[in-house]
Every structure is written in C-alpha cells, then in structure tokens.
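Chemist: Got chain C; can you put chain U on it based on the hints?
Number of protein chains: 2
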Amino acid sequence: MNFSSKLLENAVAEFSKLPGVGQKTALRLVLHLLNQNKQEVEQFSGAITKLRNEIQFCATCHNISDTAICEICSSPKRDAGVICVVEDTRDVMAIENTSQFNGLYHVLGGLISPMDGVGPTDLQVDSLVERLKDGEVKEVIFALSATMEGDTTIFYLNKKLKPFNITISTIARGIAFGGELEYVDEITLGRSIVTRVPYENSLTK
Amino acid sequence: MNFSSKLLENAVAEFSKLPGVGQKTALRLVLHLLNQNKQEVEQFSGAITKLRNEIQFCATCHNISDTAICEICSSPKRDAGVICVVEDTRDVMAIENTSQFNGLYHVLGGLISPMDGVGPTDLQVDSLVERLKDGEVKEVIFALSATMEGDTTIFYLNKKLKPFNITISTIARGIAFGGELEYVDEITLGRSIVTRVPYENSLTK
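Respectively, the protein sequence lines represent chains C and U. Here the first sequence is numbered in my numbering, starting from 439 and rising by one per residue. Here the second sequence is numbered in my numbering, starting from 439 and rising by one per residue.
Isolated chain C (complex conformation) (with noise of 0.2 angstroms):
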C-alpha cells in the first residue's frame, strides 16, 4: 500500500502483527484512532503498556492477576479440596462465567504439542504436582480442549497424579445443549452413546 506518511504505515504495520488483523483492518483502526482525542490515544497506549509491564501470575495457580496470588487463590470461599487443570486465563473465565465451579484453578500455559515443539517442561507441570503433595486436594478435574494436544496432556498428567490416590476426572463431552442431532458429527454421537448417563443426573439443576 501507499501510504502518503511514515508514522501511519509504522502504526499500520504495528497493527497488522496481532492475529486476524490484515492490513486494511490495520489501516481503518488506526485511522478511527486518528480520528480520537489525544487524550483517548494516551489512555489506549497506556493502558496496553501498563498491562504488560504491570501484570504478574499468580505463583499458586499461574493464572493472570494483579497481585502475587490471585483472588480465587487467596479467597476463603473457594473450596481448596478442587483443582480445575486449564490450558490459559481464557478457559479459567469461561468456567468463572458459568457459576458453577467453586474450586481453584491451575493454569496450565499450553497443551503438550511435539508439532509445536511443546513438551510437558514448557508447562506449569511440576507445580501442579507440588500443589498436591500436602493431601488437601482429593480431586483433580481436567478442562482441556478436546483435541489431540488436550487428550495427550490429560493422558500424560494422569499418569503423573496417578500415585496420590485422588479423583481425577475430565469435563463432559457429549451434544451441546441446543444442539440438533443430525449436525453432530459422528464421533460426538457415537461416543455420546456410549458414555450415556442415567436420566436423572441429565437433568440442569
């Protein structure tokens, strides 16, 4: 493209490197900037270089926080006895905004991927198993995409939790609600099947 200024085609170019932004998305977000008060744009900048440079993770569960533990972490109310294995933050809010998990977290920064070049070291793998080793927690619930680096990373820390005797459980799969049968594809259906549940704890509470 032909840009008639050196600082637009930086900021274009600046914006063009986060994921799904092309160039013309780049050049519209940058012109709405523009297009804003210098004030809007000192609070737009700064707010993204206060993130990074502020942010910490929680040294319990490795989840994004403003403060060395994080406030699930350090709440009373959260039920200690639970830790729920996610990927990364976006999977520990999915959960949060359901309600209905009132145990702590352990995120675990990626999925073990040999494609990727991502090995159980890359992980916050260690850390998870320390966090067991005082006998508090009794369960351990995998939240892991349902993918082949989800599934290999459940079957690798199953068998490092194996030898401290506590459940280890994954999330449901199966039909989403509101889903019609004949757009499930067939692997979904068949294995839907074959873990079917008793009708009573299909109920939505």
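Calculated from the structure, these hints are not laboratory results. Check the hints yourself; a few may be wrong.
Any copy, or any two copies together, can satisfy a pair, since identical chains are not distinguished.
Cut-off 30 angstroms, straight-line C-alpha distance, at most; resulting in silico cross-link-like pairs (BS3-like, lysine-lysine) [stated by the list, open to error]:
(1) 600 to 462
(2) 462 to 576
(3) 488 to 476
(4) 455 to 488
(5) 476 to 576
(6) 444 to 455
(7) 598 to 515
(8) 462 to 515
(9) 476 to 600
(10) 515 to 444
(11) 597 to 571
Modeler: Positioned in the frame of chain C, the structure of chain U alone reads:
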C-alpha cells in the same frame, strides 16, 4: 466477562472501543500482546501515540502528512492542473495504488450528509474553491462514493465550481472488471447501457 485482573479488564475495554472489535476479539488481541516481550509492546503503543501526536494534515490538500505540505502536493512531477476530490485518506491511497492518476488531490474530510449533521461547512470546501482562484487548475475530478451522500456532495460542489470555467468530471460508473452481467444490480446495468462508450475507449491500456 469475569476478568481476573483489573489491568487486563482495562486493556480489553480500550480495545473493545475500536470499530468492529468485540470483547472476545479484544481479549484475544490483548492476550497476544501480553505474550510479546516488553519492548515489542512499547513499540506498538509508541507507534500509535507518536502518530496521534505528530501527524499533520497537508495545508494544501488536507491529506495526512508527516510534513506541512504533503509529498504529492510538493512533488514537481505531479500535474498541478488536475485536482481529484476525495472523501478521505483511504481514497487517496486507493487511487495512488492504481498508478493511473498523476494530478493532485483534495481531501474533503467527509461527505455532505444531513442525516449525520454534516454540512458543507464541516468539509474542506472553501480551501478547494481557493485553490482554483489562480487559474492554474484546468480540471476537477470527483472521485466520491456512488452513494446518496456522494451524489449530494458532487451536486453541491458542482454548483460552487461552475463559475471557474474548468472541466468538471466524475470517475466512471458501470460494471466492474471481471463482473458477470447476471449479478449486476439493475440500476448499474441500466445506467451502463445509457452511458455506453465507444468500443475503442473501453480498452484497457
């Protein structure tokens, strides 16, 4: 959404203000930036602040510029006898990308739109009239969107520029190159028959 960090929430809120960016996209972009090193994030926010604080608008054509008079207006290679009137910077870029125009531009900064409360006084109309006074300009080309607002603006400007005894033209409307007849809307197709051109003129050079 349930953010585990106030800093994160602020950054997501700022990104959500951008056009076409919802909260989920904003979160994805912010988490992406969080994964970059501090220097890269500084560079990102720096480029935007610098753009907003240092950008200028060309005193002649009102296009975005790094200097008081933009590159195009100050270039001796451009034909100062032709002015192409456009809505905004993006249109200048689009036309420059075609490499088919060698004249100067005039950026109106919008289109007349009574619905949005934009009248002629909100646009760079007076300075366009001013540019015609020394008699150097022989032709004004309107390259505005083929919308009600574009047509209204052309109608208004045409009356304003009549007294100057210059050629006033608009960019050609018709069927796009590669367009299939059956998918073209009736108005465009109908007008393209009425405003047909001699075959020799229609060939791309």
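Chemist: Work down the list of hints and note, for each, if the structure agrees.
Modeler: Going through the hints against the structure:
{"no.": "1", "hint": "600 to 462", "result": "neither (52 angstroms within a copy, 36 angstroms between copies)"}
{"no.": "2", "hint": "462 to 576", "result": "neither (52 angstroms within a copy, 34 angstroms between copies)"}
{"no.": "3", "hint": "488 to 476", "result": "both (18 angstroms within a copy, 10 angstroms between copies)"}
{"no.": "4", "hint": "455 to 488", "result": "both (20 angstroms within a copy, 18 angstroms between copies)"}
{"no.": "5", "hint": "476 to 576", "result": "neither (54 angstroms within a copy, 39 angstroms between copies)"}
{"no.": "6", "hint": "444 to 455", "result": "both (17 angstroms within a copy, 25 angstroms between copies)"}
{"no.": "7", "hint": "598 to 515", "result": "within (29 angstroms within a copy, 72 angstroms between copies)"}
{"no.": "8", "hint": "462 to 515", "result": "between (48 angstroms within a copy, 28 angstroms between copies)"}
{"no.": "9", "hint": "476 to 600", "result": "neither (57 angstroms within a copy, 39 angstroms between copies)"}
{"no.": "10", "hint": "515 to 444", "result": "between (54 angstroms within a copy, 20 angstroms between copies)"}
{"no.": "11", "hint": "597 to 571", "result": "within (15 angstroms within a copy, 84 angstroms between copies)"}
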